[in-house]
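J.: Okay, here's what each chain looks like letter by letter:
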Amino acid sequence: MGEESQPQSASPFISMFEGFRKELDEHHDRRERIIKASRDITAASKKIIFSLQRVRKVGEKLPGFVLKTNTQYWEIIENQYKAISTDLQGLNAYRYGRNITGGNQEFMEALSFQHYLETQQLISFEESEKRIASMSGEAGPVMLSPEDYILGIFDMVGELMRFSITSIATNGKLPAGTSESQDRPSKKAKTEESGDQMEIDEQLPPQTPTQHRPRDVLSDLRELRLQLEMFEPPQGSNFSRDVDKKMDVMKQCVEKVETALYGLIVRGSERPKGWVPDMGDSRKGAEIESY
Amino acid sequence: MASHNGMVNPAIFEDLQTRVDEDTAVRDQLRDIIQNLEKQNRNVMFVLARAHSTPVSDLPNVLKSAEESIQKEVETIGKLSEAASKLPYYKFNNMWSRQIQDAAVAILFWAWLGGYQQDASGPKAGRLLTIEEVGAIMKIPVNLKDRDDFHLTLEEYLQALISLVEELARLARNAVTLGDYERPVLINQFIKDLHAGFQILNLKNDSLRRRSDGIKYRVKDVEDVVYDLSLRNLIPKKG
Chain A
1 MGEESQPQSA
11 SPFISMFEGF
21 RKELDEHHDR
31 RERIIKASRD
41 ITAASKKIIF
51 SLQRVRKVGE
61 KLPGFVLKTN
71 TQYWEIIENQ
81 YKAISTDLQG
91 LNAYRYGRNI
101 TGGNQEFMEA
111 LSFQHYLETQ
121 QLISFEESEK
131 RIASMSGEAG
141 PVMLSPEDYI
151 LGIFDMVGEL
161 MRFSITSIAT
171 NGKLPAGTSE
181 SQDRPSKKAK
191 TEESGDQMEI
201 DEQLPPQTPT
211 QHRPRDVLSD
221 LRELRLQLEM
231 FEPPQGSNFS
241 RDVDKKMDVM
251 KQCVEKVETA
261 LYGLIVRGSE
271 RPKGWVPDMG
281 DSRKGAEIES
291 Y
Chain B
1 MASHNGMVNP
11 AIFEDLQTRV
21 DEDTAVRDQL
31 RDIIQNLEKQ
41 NRNVMFVLAR
51 AHSTPVSDLP
61 NVLKSAEESI
71 QKEVETIGKL
81 SEAASKLPYY
91 KFNNMWSRQI
101 QDAAVAILFW
111 AWLGGYQQDA
121 SGPKAGRLLT
131 IEEVGAIMKI
141 PVNLKDRDDF
151 HLTLEEYLQA
161 LISLVEELAR
171 LARNAVTLGD
181 YERPVLINQF
191 IKDLHAGFQI
201 LNLKNDSLRR
211 RSDGIKYRVK
221 DVEDVVYDLS
231 LRNLIPKKG
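From first to last, the protein sequence lines are chains A and B.
Oh and the first sequence: position 239 is 239 in full-length UniProt numbering, straight run, nothing missing.
Oh and the second sequence: position 70 is 70 in full-length UniProt numbering, straight run, nothing missing.
A couple of the hints might just be wrong.
Stated by the list, open to error - Here are the simulated BS3-like pairs of lysine-lysine, each with C-alpha atoms no more than 27 angstroms apart in a straight line:
no. : chain 1 : residue 1 : chain 2 : residue 2
1   : B       : Lys-204   : A       : Lys-22
2   : B       : Lys-139   : A       : Lys-36
3   : A       : Lys-130   : A       : Lys-36
4   : A       : Lys-22    : B       : Lys-64
5   : B       : Lys-237   : A       : Lys-36
6   : A       : Lys-245   : A       : Lys-47
7   : B       : Lys-91    : A       : Lys-246
8   : B       : Lys-216   : A       : Lys-22
9   : B       : Lys-64    : B       : Lys-145
10  : B       : Lys-145   : B       : Lys-124
11  : B       : Lys-139   : B       : Lys-64
12  : A       : Lys-61    : A       : Lys-245
13  : A       : Lys-82    : B       : Lys-145
14  : B       : Lys-192   : A       : Lys-22
15  : B       : Lys-124   : B       : Lys-91
16  : A       : Lys-22    : A       : Lys-173
17  : A       : Lys-82    : B       : Lys-91
18  : B       : Lys-79    : B       : Lys-64
19  : A       : Lys-130   : B       : Lys-91
20  : B       : Lys-145   : B       : Lys-79
21  : A       : Lys-245   : B       : Lys-124
22  : A       : Lys-22    : B       : Lys-91
23  : A       : Lys-36    : A       : Lys-246
24  : A       : Lys-22    : B       : Lys-145
25  : B       : Lys-139   : A       : Lys-130
26  : B       : Lys-145   : A       : Lys-130
27  : A       : Lys-61    : A       : Lys-47
28  : A       : Lys-36    : B       : Lys-91
29  : B       : Lys-39    : B       : Lys-91
30  : B       : Lys-124   : B       : Lys-79
31  : A       : Lys-46    : A       : Lys-82
32  : B       : Lys-124   : B       : Lys-237
33  : B       : Lys-192   : B       : Lys-204
No lab work stands behind these hints: they were computed from the structure.
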């Protein structure tokens, strides 16, 4: 279109606008490529998270079937990052930052969740950046912004919640670390150690309170919550709005695990097989969606 | 991951906080310059608004005074450019995009009125500055692709063109009030030509699209003015 002959005298500006059209088309095409890649990365990351929810242990190598299932999704993600890395170089890294952030955040969620399951540690920003860079094409690394990282971590809390609840429902206990990183390998991790906000102290007399006891997921969740609450985004920014929204959800997630654990302690012995903790909210079933 | 016992290495969040705080500091710095630019914009438009009530014969004074205001504005743009060129352009450009657009509108309008080309016979109206010419007046590069520096973007220029059309549609009516029956004819042709240009762009559903949709109404407004004049045989014969 556009080449139609102008009635009367053709506009003297047409050739100039033809140049503009070409540039705008390039811009829109690039934008659409990035948005599409971002969606594909999001979808693949969700699938990775879905199969990671079948893991029952923390701080150990992932079971083979999970690794095997997820290989294909990591490949999809890698291919997408490779395909768009040319589009996200130099000036364009920030120009299209808003178009890739969805994919980056979901990727962060998957990456940090897997990293947690394997090591019981929070993956660092630098490591995450490196991970994306290693998947980017020859044009150069795709940028991961601190915003992408933080917002992804917020969402990861939701996954840890689901992971904990599933474990409570199926194994009757919170997953806790067993890895050498925590000094003492102990398969029989007792449920709770901090007990500061819980009423379990009376029932579980502190048994040799030593820092060698493996951390469980709840204490990790609390630690993460503290860090996220301490974080101060710039006032009035879009980022700050996003953080505010996710902050509430994140707190609820931690509290759900606390509530579930409370239920477990109080009614634990009466727990029939297949019992699901009463979450007291409407999202029934969400926590066991991995089945 | 050396010396921490918990899940989170506190250094992770300390480092991120530092990065975010640095951005905030940068924004605070830029904000002063941008506010200054906004004030100067208002000054330029205040001067140029007199074009709507000044006969062409007296216009050179308006244009001269506008040029002085524009020069001051260009100095501020220089400061902004210097500060912002150290930063990733698109990380912060939404802070000043509006103000740069407004500055471009003023320059375009000033040039259209004849400020850009004046000879012995006085200012010659009807000149459209290209994006490169606007950039040259602002003393900044335009439409950069290959390096991350401060510049005037194509979108900003196009937005400014739409504002120019709006300003000229208003001028067409006001020229008639001043007894100038030639100017509406000139404006009519000029914004039709611009409209034709915008029509060949494939615009997506963004603010450029929404605003450019309004051009056709401005075209019609000016056509109505020309129609009124021609109906009454008020349009001067050419040549």
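J.: Take the hints in turn and mark each one as holding or not.
T.: These are the hints, each one checked on the structure:
1. A hinted pair counts as satisfied when its Cα atoms are at most 27 angstroms apart, and Lys-204(B) with Lys-22(A) qualifies at roughly 14 angstroms.
2. About 38 angstroms separates the Cα atoms of Lys-139(B) and Lys-36(A), which puts this hinted pair outside 27 angstroms; it is violated.
3. The straight-line distance between the Cα atoms of Lys-130(A) and Lys-36(A) is roughly 23 angstroms, inside the 27 angstroms bound, and the hint therefore holds.
4. In summary, the hint linking Lys-22(A) to Lys-64(B) is not supported, as the alpha carbons are separated by about 37 angstroms, beyond the 27 angstroms threshold.
5. Between Lys-237(B) and Lys-36(A), the direct Cα distance comes to roughly 58 angstroms. Violation of the 27 angstroms bound is thereby established for this hinted pair.
6. The straight-line distance between the Cα atoms of Lys-245(A) and Lys-47(A) is roughly 24 angstroms, inside the 27 angstroms bound, and the hint therefore holds.
7. A distance of roughly 23 angstroms separates the Cα atoms of Lys-91(B) and Lys-246(A); the hinted pair therefore holds under the 27 angstroms criterion.
8. Restraint check for Lys-216(B) and Lys-22(A): satisfied, since their Cα atoms lie roughly 23 angstroms apart, inside the 27 angstroms limit.
9. The hinted pair formed by Lys-64(B) and Lys-145(B) fails the criterion: a straight-line CA distance of about 35 angstroms is larger than 27 angstroms.
10. For the hint linking Lys-145(B) to Lys-124(B), the alpha-carbon distance of about 34 angstroms lies beyond 27 angstroms, and the restraint is violated.
11. As the CA atoms of Lys-139(B) and Lys-64(B) are separated by approximately 19 angstroms, the hinted pair is consistent with the 27 angstroms bound.
12. Among the hinted pairs, Lys-61(A) with Lys-245(A) is inconsistent with the structure: their alpha-carbon atoms are about 33 angstroms apart, more than 27 angstroms.
13. Restraint check for Lys-82(A) and Lys-145(B): satisfied, since their Cα atoms lie roughly 21 angstroms apart, inside the 27 angstroms limit.
14. As the CA atoms of Lys-192(B) and Lys-22(A) are separated by approximately 21 angstroms, the hinted pair is consistent with the 27 angstroms bound.
15. A hinted pair counts as satisfied when its Cα atoms are at most 27 angstroms apart, and Lys-124(B) with Lys-91(B) does not qualify at roughly 40 angstroms.
16. For the given pair, Lys-22(A) sits about 61 angstroms from Lys-173(A) by alpha-carbon distance, which is inconsistent with the 27 angstroms threshold.
17. Taking the CA atoms of Lys-82(A) and Lys-91(B), the gap is about 23 angstroms. The hint holds against a cut of 27 angstroms.
18. For the hint pairing Lys-79(B) with Lys-64(B), the CA-to-CA distance comes to about 23 angstroms; that is within 27 angstroms, so the pair holds.
19. Taken as a hint, the Lys-130(A) and Lys-91(B) pair is honoured in the structure, with Cα atoms around 21 angstroms apart against an allowance of 27 angstroms.
20. Simply put, Lys-145(B) and Lys-79(B) have alpha-carbon atoms about 22 angstroms apart, close enough for the 27 angstroms limit, and the pair holds.
21. A C-alpha spacing of about 56 angstroms is found between Lys-245(A) and Lys-124(B), which places the hinted pair above 27 angstroms, so the restraint is violated.
22. Restraint check for Lys-22(A) and Lys-91(B): satisfied, since their Cα atoms lie roughly 24 angstroms apart, inside the 27 angstroms limit.
23. Distance check on the hinted pair: Lys-36(A) and Lys-246(A) sit about 24 angstroms apart at the alpha-carbon level, within 27 angstroms; holds.
24. Between Lys-22(A) and Lys-145(B), the direct Cα distance comes to roughly 14 angstroms. Compliance with the 27 angstroms bound is thereby established for this hinted pair.
25. Proposed proximity of Lys-139(B) and Lys-130(A) is contradicted: the alpha carbons are some 39 angstroms apart, above 27 angstroms.
26. With a CA separation close to 26 angstroms, the supplied pair Lys-145(B) and Lys-130(A) stays within the 27 angstroms bound.
27. Annotation: proposed proximity of Lys-61(A) to Lys-47(A) holds, straight-line Cα distance about 19 angstroms (limit 27 angstroms).
28. This hinted pair checks out: Lys-36(A) and Lys-91(B) have alpha carbons roughly 22 angstroms apart, not beyond 27 angstroms.
29. For the hint pairing Lys-39(B) with Lys-91(B), the CA-to-CA distance comes to about 24 angstroms; that is within 27 angstroms, so the pair holds.
30. The suggested pairing of Lys-124(B) with Lys-79(B) is violated, with an alpha-carbon distance near 32 angstroms, which exceeds 27 angstroms.
31. Between the alpha carbons of Lys-46(A) and Lys-82(A) the distance comes to roughly 19 angstroms, so the proposed pair stays at or under 27 angstroms and holds.
32. With a C-alpha separation of about 19 angstroms, the suggested pair Lys-124(B) and Lys-237(B) falls inside the 27 angstroms cut-off, and the hint holds.
33. Among the hinted pairs, Lys-192(B) with Lys-204(B) is consistent with the structure: their alpha-carbon atoms are about 22 angstroms apart, no more than 27 angstroms.
Hint violations for this structure: numbers 2, 4, 5, 9, 10, 12, 15, 16, 21, 25, 30, all remaining hints satisfied.
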